[in-house]
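Enquirer: Residue-level listing of the chains:
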Amino acid sequence: MKRIYSILVENRSGVLMKVAGLFSRRCFNIDSLAVGETEDKNVSRMTIVSSGDQRTIEQIEKQLNKKLDIIKVKTFEESVSINRELMLVKVKYNRNNRRDIMEICEMMKAEVVDASDNQMLIQLCDTPERTSVFLNKMLKGVSIVEVARTGMLALQKCVE
Amino acid sequence: MMNGADIMVKCLQAEGVKHIFGYPGVAIAPFYDKVYESDIEAVLVRTEQSAAHAASGYTRGYNTELPGVCAVTSGPGATNLITGIATAYADSIPLICITGQVNSELLGSDVFQEADITGACESFVKYSYLVRSVEDIPRIFKEAFHVAITGRKGPVLIDVPIDIQQASVKSFKYPETVEMRTYKPTVKGNGAQLKKVIKELEKAKRPIICAGGGVLLSKGKYELLSFAEKNNIPVVTTMMGISVVPTDHPLCFGMVGNNGKVYANKAMNEADLIMMVGARVADRAISQPDLITRNKVMVHIDVDPAEIGKNAGPTIPLVGDVRHIFDELLTYDFESDYSAWIKELNDNKVALARKRNPNPEFVDPAGFISMLSHKMAKDAIYIADVGQNQIWSCDNVCIREGKFMTTGGMGTMGYSIPAAIGAKCRRPERQVVAVCGDGAFQMSMCELATARQHNIPIKVVVLTNGFLGMVREYQHFNYNDRYSVVRLDGNPDLEKLASAYDIPFVRVRNDAEASDAIDEFLREDSSYIMEAVIDPMDIVR
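Listed in order, the protein sequences are those of chains F and L.
Just so you know, we're using our numbering here: the first sequence kicks off at 1 and counts up by one.
Just so you know, we're using our numbering here: the second sequence kicks off at 1 and counts up by one.
Just so you know, the hints here were simulated from the structure itself, not pulled from any lab data.
Glycine is no exception: its CB is placed at the ideal position from the N, C-alpha and C atoms.
Mixed in with the good hints there might be a few duds.
Heads up, incomplete: computed chain F residues facing chain L, CB under 10 Å, no partners named [unchecked claim]: (1) Ser13; (2) Gly14; (3) Gly21; (4) Arg25; (5) Lys67; (6) Ile70; (7) Ile71; (8) Lys72.
Listed next, with one range per pair, are the computed distances between beta-carbon atoms [said to hold, decoys possible]: (9) L:Ser484 x F:Lys41: 56 to 62 Å; (10) F:Asn65 x L:Thr331: 27 to 33 Å; (11) F:Leu155 x L:Asn258: 44 to 50 Å; (12) F:Met17 x L:Ser484: 34 to 40 Å; (13) F:Asn29 x L:Asn480: 35 to 41 Å; (14) L:Ala192 x F:Thr75: 20 to 26 Å; (15) L:Lys173 x F:Asn65: 31 to 37 Å; (16) F:Ser132 x L:Val485: 49 to 55 Å; (17) L:Tyr174 x F:Asn29: 43 to 49 Å; (18) L:Ser109 x F:Lys41: 25 to 31 Å; (19) L:Phe112 x F:Ala20: 28 to 34 Å; (20) L:Asn478 x F:Lys2: 23 to 29 Å.
Bound conformation, chain L alone:
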């Protein structure tokens, strides 16, 4: 006789799940009891938030057909997961989040470890289920996986009361199709709109493509790049769009936004046609959306119709999957000559390159990140945490065939280490490097044990400055150098910490030491921690 937990595991297997990330507890114990005898490897994280981040890294490590899965217990287990779910939601990362729940009969009576997690997560999930009958499990799992990875992707929550996990079932049949009358995302772009786009491109003299994270999520980066190359159209990216085009590609003109390249923003301002692709036009990328669309044509391509016109009025809305749309666009041939515009952009690129005056007593983070990413394998996965390290990464990282991950929407500190664990789990053949500051590192350093326990070799770079650097920089510019609550006194000695986890360690104190240390750090496919000591007063701007 099978029970609900058996069915849950069988559903995951039917979807091809090989790993889950989680933390057990009483309310999810029946499920983990069945995982125990299955071929699914459960990775025990050290705090639930990391389970969601690891699942996110797992999803993003490949091409998002298979969402990462996390499974935690009820109450505090579930609420700890929320930040990770919200982080995934903000970046449209598909996840399946399974939470245990108290006995159905006791729901609503505030018993031990009861939390209304579906209610709490309502605005952070694409959809959520509270399972009320064991018979519903196969349909719900099938729907959840479908919803998570189609349309605008996102996390889906399945809350399963313990008695449902324990309830006996006679047979298991995983549905082959999904029937949801309320859910039919648009995939193909409207033909008339596509033609309009081509017409506008023919008229344009200074077109630009602004690529966001949606391009990666739709697996449309090759189609987009082919289109840009075919028609010689320059590309800028949002933070989430970094790696859509290789950073050293002649048509790539960097990241836009208030932390982006000056010449990328200038290009956006001076373009006469913007193709906004899989990007939300959010405040950090486009600080004045009304200005940026003035006197120019804006084509907005997004799978989510609600994003079109939300922050900036488009001239031509084009709803659909980015990959499909660029496949279609590639079939059109039109006359265009944007070479004068490209030349202008290249001149700006040289004239407006950021000039830094690094302090020679410390490691220059900009040069260091550039060197590190150039030395990394061509297809390596680079994960930037949040803070100054993230901005330096965006500004200086070299991504060729590899991946770049960060949390652009939510900006959740502590993302990089668990995400690296997830990504490495999914892509064991790839080099995975997490880059964080000493603030973010301490939010997730407990996960070093997870990497050790499960033999998941991740490389961790810690840029140490003894400050919450991004906030300190903000206080420098906006609060008259009143450094309130940003000193990280009491930091552990990272060398001793690494040794406590039995992970090799190297410290880099200045630029001269960097090259050899990076070579050693990257030499073998094993876990490594590298600390780079940077000037505490350094700023990203």
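Next up, chain F with everything else stripped away, as it sits in the complex:
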């Protein structure tokens, strides 16, 4: 079962290590982890995607709540949140496939943000599923130089 943990932490050195260390020590999975400052510069938000059975999911939340650098833990399923991932892909292109790549990008609303005479850097911000489809299916025939992904960010949907 997939689970998202949206965690507000004190923005101090060592906090990332403590949280990551907790996951590794207790054999919890981290599918992805993203960290960044919030509107309050003393507070960061970590978005961790994990998976496990019901007991593990509950334990992760309880163990996170024990950490003294953690201010608040929210946990929810993917279905109740807006989920996004940013991906940068550098690909090789030539005259023959340039148009195809551009078409794929257009289809997926990806943007070419940098280019040289044989490489281009594509940016895509979408759900993790769609970024994976873009990379693994649609760019299958294209020679990929390197890829960087942020891991998933998520916030619960707006309430009425």
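Go by the hints and put chain L onto chain F.
Expert: Chain L alone, transformed into the frame defined by chain F:
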């Protein structure tokens, strides 16, 4: 002009600290320089691990409002402390561990005696601080003491770079309150849940309370016992829970677990309601947690919500401080009659008592420990080390108004002697007896000098069998008697060793000699070493 070290000492004084346990070195020298002119007595241990164990004994000697404090230097001093910190963490013993650190400017450059101790200890401490500014010292100390002794208790580490200790400060003001937005442990139990517990107890025919170390840590043993007595509910304990109820109490049915009483485990299996109180449901106490909760109601009372449901699914979780919760539970009156169940347990107690065939050529450790603990003062503190001596102690010790200490979670050999030093320091009026095997004794015998130097009279019993008995027993059952690396050849002559430390000594070779020797051993409040020679092939099962 004051410096950071002055402030550190003032913080300790503000918390009421009278003793610290430690080992100096360059990186903690500014602090010890200020201790020198203070009213705090610094006890010089012989290796840093003992500083943490002594601080643990100090904490447990009283009622844990004041955590024991240890202070050591950076690098090897700090890393030597780790086993002691981990031991305290596993048993939720509050400690304040102060380590010196290299100059802040040099942090991360691998200079002499630098160790990333906050990083190394991350999974063994409740919280840790690396002090980056001298102004932060009062707040950090205030928080550290608060965190250590509230909620689920545990060790807190404060790592102080030498330049911070030396930095000058104009004034000192110890904060009166703690403000931590991330830390608010639950103390009071949820009212609706409490009522549910009472309802289940009304329905139950065969309830049992399983008391763990958390009961002692919350100072809730009298409340728990009053509740058990008021409603006639039998009590079993985990290893850490020994002494929650007097071992000779009619409602006490011994220790559970794979080294516990057969009848205690049977009682747990056959109960229809288990109140698990301040216990982790760890593997040595409850080997098959899924089985033990089958077809029964389990109420799990713990201050740490993460312990509830971690190893066994509870029917009724109840988060809060044990003492508060039992205070609340005591206000409810309900009809119950568990006398048939109690009678059944008492019959089992007789029928399933462990039968031993002791070798008459040696001291029978079971009978010896029983006799020793019966002869000890009613309020004495009994500290069992780790190994066969520990299991024999758990199985046979008599604790009335006194305390029983051991390291149940980590099982750290060599705990008993330094812990006895700490406990005696805290409770000079009490008799303190450490019981260890010849393996554990040799891990900590250097601390006899600490006891001598600081005039801390501790009684040490060494059960000698020339083996690492617990491992030998394990090899007997599981490795076909292939006794690999468990012979303790080369043991010192304990009589000569005692005489070298100028500590009186008595050796007991068989049961006939035991009674007089124990009387002599306990007669005066002075250090004493008693060696009991036991059968090398004896087993605890």
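Enquirer: It remains to establish, for every hint, whether it holds in the given structure.
Expert: Hint by hint, here is what the structure shows:
1. Ser13: 9 Å, holds
2. Gly14: 7 Å, holds
3. Gly21: 5 Å, holds
4. Arg25: At about 5 Å, which falls below the 10 Å cut-off, the nearest Cβ of chain L leaves the hint on arginine 25 (chain F) intact, so it holds.
5. Lys67: 8 Å, holds
6. Ile70: 6 Å, holds
7. Ile71: Check passed: Cβ of isoleucine 71 (chain F) comes within 5 Å of chain L, closer than 10 Å.
8. Lys72: 9 Å, holds
9. L:Ser484 x F:Lys41: 56 to 62 Å: The hint (56 to 62 Å, Cβ to Cβ) holds, given that serine 484 (chain L) and lysine 41 (chain F) are roughly 59 Å apart.
10. F:Asn65 x L:Thr331: 27 to 33 Å: Roughly 30 Å apart at Cβ, these two residues keep to the hinted range, so it holds.
11. F:Leu155 x L:Asn258: 44 to 50 Å: Holds: the Cβ-Cβ distance is about 48 Å, inside 44 to 50 Å.
12. F:Met17 x L:Ser484: 34 to 40 Å: 39 Å, holds
13. F:Asn29 x L:Asn480: 35 to 41 Å: Holds, since asparagine 29 (chain F) and asparagine 480 (chain L) (Cβ atoms, about 40 Å apart) stay within the stated range.
14. L:Ala192 x F:Thr75: 20 to 26 Å: 24 Å, holds
15. L:Lys173 x F:Asn65: 31 to 37 Å: 32 Å, holds
16. F:Ser132 x L:Val485: 49 to 55 Å: 53 Å, holds
17. L:Tyr174 x F:Asn29: 43 to 49 Å: 44 Å, holds
18. L:Ser109 x F:Lys41: 25 to 31 Å: Holds: the Cβ-Cβ distance is about 29 Å, inside 25 to 31 Å.
19. L:Phe112 x F:Ala20: 28 to 34 Å: 30 Å, holds
20. L:Asn478 x F:Lys2: 23 to 29 Å: 41 Å, violated
The structure is inconsistent with hint 20 alone, although it conforms to all the rest.
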